[in-house]
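Peer 1: One-letter residues, chain by chain:
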Amino acid sequence: MNMIQSIIFLIASMVAISGFYIQGIEFIIANIRGQSIQSILIASLSFIMGFLERSLDLIILGIMVVILRVILINYFLERTIPKKRKFSVEKYLSVPYLLIVDLIFIVLSVILIYKFVFSSMILRESIAPSNILVFPLITFFQGMFLIASRKSTHTQIIGYVEEENAMILFGIFLLPIPLIIEASIFLDVLALVVISSIIVLEKNEHNPVEDLIG
Amino acid sequence: MEETLLLETISQVLFTLLMAPLFSGIMVKLKANVESRKGPSIFQPYFDLIKLFKKEILIPSTSGIFFKIGPYLSFSIYLFISFLIPVLIPTPVIFTASADFLGGALLFSTASFIKVLAAFDSGSNYAKLGASRIMSFNFLAEGTLITVFFAVSILTGTNNPYTTIELLTSNPLSDLSLLHLFSLIAFFMLFLFETGKIPLESKGVQELGMIDSSLNFEYSGKLLALNEWGSYMKQYLLGSVLLNVFLFPWGLFSGIPFFLIDIPIMFLKWMILIIIITVIETSLAKLRLFRIIDYLTVAFTLSVLFLILTEVISV
Amino acid sequence: MIFNNTALPILILLVPAVASITFKWGNIKLATAISAIIEIFLSLLLYIDKPASGVFFIDNISVLFIFMVTSIYFFSSLYSIKYFSQHDIYISDDLYFLLLNLFTISMLFTLEINNFGLMWVGIESTTISSALLIITERNETSLEAAWRYIIIVSAGVTFAFISIILIYYVTGTLTMSTIINSSFKSKFLVLAVAISLMGFGTKSGVFPVHTWLPDAHSEAPSPVSAMFSGVLLPVALYVIYRVYEIYPLKTVYVWIATLSIVMAAIFLIYQDKYKRMFAYSTMENMNIALIGFALGGPGIVGALILLLSHSFSKAGAFYSSGNILRLTKSKKIDDVNGLYENSPITAIALLFSSFGAAGTPPFGSFFGEIIIFFSLYQQHFLVPFILVILSVISVFISINFNVTKMIFENGKNNSKIDRSMEIIALISSIVPLAIGGYILILMGGLV
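Protein chains in written order, with this note's numbering: chain X, 5 to 218; chain A, 4 to 318; chain Z, 11 to 457.
To be clear, the hints were calculated from the coordinates, so they are not data collected in a lab. Nothing here was measured: the structure is a model prediction, and the numbers come from that model. Any given hint might turn out to be false.
Partial list, computed: chain X residues near chain A (C-beta under 10 Å) [to be verified]:
| # | residue |
| --- | --- |
| 1 | G54 |
| 2 | Y101 |
| 3 | I104 |
| 4 | I110 |
| 5 | I115 |
Every residue gets a Cβ at the ideal spot worked out from N, C-alpha and C, and that includes glycine.
Work out the full structure: start from the sequences and follow the hints.
Peer 2: The following block contains the structure:
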């Protein structure tokens, strides 16, 4: 691996690490910022690869990620947190336990799936070695675990956005999806977040409901 | 060759023994200067040790036999570790083959366990408080220590600390892999915990912040001197592993008379480490006690994650 | 024909859009009803005049689905006008109809378009447009149900996106017609087909990712539940079928569908709320249709008959449930008695709907199920055959036990509801009878 490839590898691994960061933070506002950090990393990856491959599509993709994911989603989600309570935390959270369970989950699921399935995929070799695909996979499972382990609505939205981020990363590395589809995916996610922000205003926590069992 | 080996061994052990308090003294003085105080002289730890050796030993009546022999045991273990790890000389010296990286990590654990056991044996409440605190954090710290050492072994394909240095120095810079980077971060976090720096532990007599120093609560005289000296040596050993294996593996020579150059080079490297530690100590606040476990979990997660990733994707 | 070839699908998409524009002027209810009538005619026209493959891909299967969507859209919009006329709801009436139109447009878009990526986009947009419809009557449980729907379905459909990426990676294109007509062989395609079962199956009631189904159906208002059961789940099934055609993984699909049917039958035994009961029956029917699609040949015909009659029956069942809810204000089965004496039309509609949903002869769903069972037996899937038949019998017994308890037990209740709501429910539940009768005549003509 030469220098550029190492940098791409490093940024991709930071995306996976930021997934752990989001998992381990109690403050809701920090979760939202963590997601925007992830999106910025993905956008920078897209820019770097766009310059390397001289592909306009990837650069436009990076700009769209920045606008839609970083700016707009943050704006919509932060509007739902009342200004005076920016420090609000999610209650009854035990960080080390969650981090270690997360680690076990990631190790089991990603390692198994990666080893048996994805290890034979060939990427465009000039960009990065093929085993970079493990990082989007880790991020995807991080998002799933975030949704499963938390009760607060905000964090579950962030988990869903993290899954979508992993998809974009997957698409960037594997084969760039045609731009129209990427654009519509972004708009979908945006609409979903808008709708969720309506729900979030009403309901902040999700506990088992008596009527909905069975 | 035999005399070279003997000289190198003696110089490594003596350097560890004699210079460890000096580094601690420099650290305290630098931190005081940053805080606009004058601070004690850099030889103050030596004066303290000499004073302690002259004082009488008081033993609590509720203590057992382990209380008395504990300091001797842990001190000798630390001395023994200085043979195993490349803290001064980059090539193997006498007794090196007794234990490798894993053995070194286990010996560190043994030494801290003996200290805790001895403190427990003293029968005093404060010492027991400190002992229970340490034990509740140690399970993650030991795990991180061992996995970090494994990470280095996987990188270089060998478990011998000395060959590790050689392999690391012979590869060009761009081969520095992600595993190395993240193990470095995890080990640095662990180093701050083991040597009791802010943000994890505040030195001084307030028992709210004490973790390590509470183990010394009941000791006095020679035993206290041995314990303190052992802590300085532990700090020096861990810091040297951090420097020589992770951060800057270069710059160490072996063979007469070049190994004498190693002494100022180690000084220089330690200065860099001391500066980094001072910056961290003076800019962060101490974590609350139950947050320490979060900190250690992060270190553990980083080290284990990249260890397993290396195995899967050979990064 | 007088229409250009691709104009007809575009027109189908545009008509509800035009109706939605009248949102501003407050006539949206009337506009929706008119557009629904126009849509049914357009879909019948589509059967006669199909465009060639290009941007849109319409074949006989798509036309059937489009017809299903437009008919249920028609019934639901008429029912909604009456259902909400005297009650306050959380979102305004006009917004409700706007969302209903958008929902229909997104489903029709998914059915018509020729591109896998855009089909995925269509499925996601159905989630978006239907999410707010669930919380029409605002209370704690409906918010929770809507949230579960959003998160579970979105997470699952995102998982399905991996399969779309894999398809693109292997074949280099996303156009459905080219991929299905050529044959690609790659282990990644196997993976893609398996992932899409679990991913799109989240929206279609496949075990174990069906968990949002009963919650959303029981908390949403009845016309919305009818659209969910009647058309949304079949649309997701359509997408699964299209992906399946790339590389048929028959055994996997048949076994997972069998497992879902067995689980649906088990869950149905414990139900004490009638809407959840119907929701589990939907899950069972969808998976029988999935088996039919997976088996191919006559199985596809059986699945189509089943889906068509099931959508009408289930819509009728949910309309009747809405009537019962307005009559008795309770969602539990035990609180409802004596329907036959109070409102006989609702009782008959409920009875016919539940017969149709459970697969009783001579309703159309019975014939569909028989064809599928026969294909199962013919293709030597003996254990699934036995399991499915046992589950269907169990479902039949559970549903009819509960429904007859609701209808024929003695009880007095003097509320009244609008006659037209009951009529709509009745019409919707009789259509499968007509389909069944038509098939009987066909068979009689053959024999």
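Peer 1: Each of the hints needs a verdict: does it hold here or not?
Peer 2: Tested hints:
1. G54: Hint violated; G54 of chain X Cβ to chain A Cβ min 23 Å, cut 10 Å.
2. Y101: With a minimum Cβ separation of about 9 Å from chain A (threshold 10 Å), the hint on Y101 of chain X holds.
3. I104: holds (6 Å)
4. I110: This hint holds: I110 of chain X lies near chain A, its Cβ roughly 7 Å from the closest one there, short of 10 Å.
5. I115: At about 5 Å, which falls below the 10 Å cut-off, the nearest Cβ of chain A leaves the hint on I115 of chain X intact, so it holds.
Of the numbered hints given earlier, the model fails hint 1 alone.
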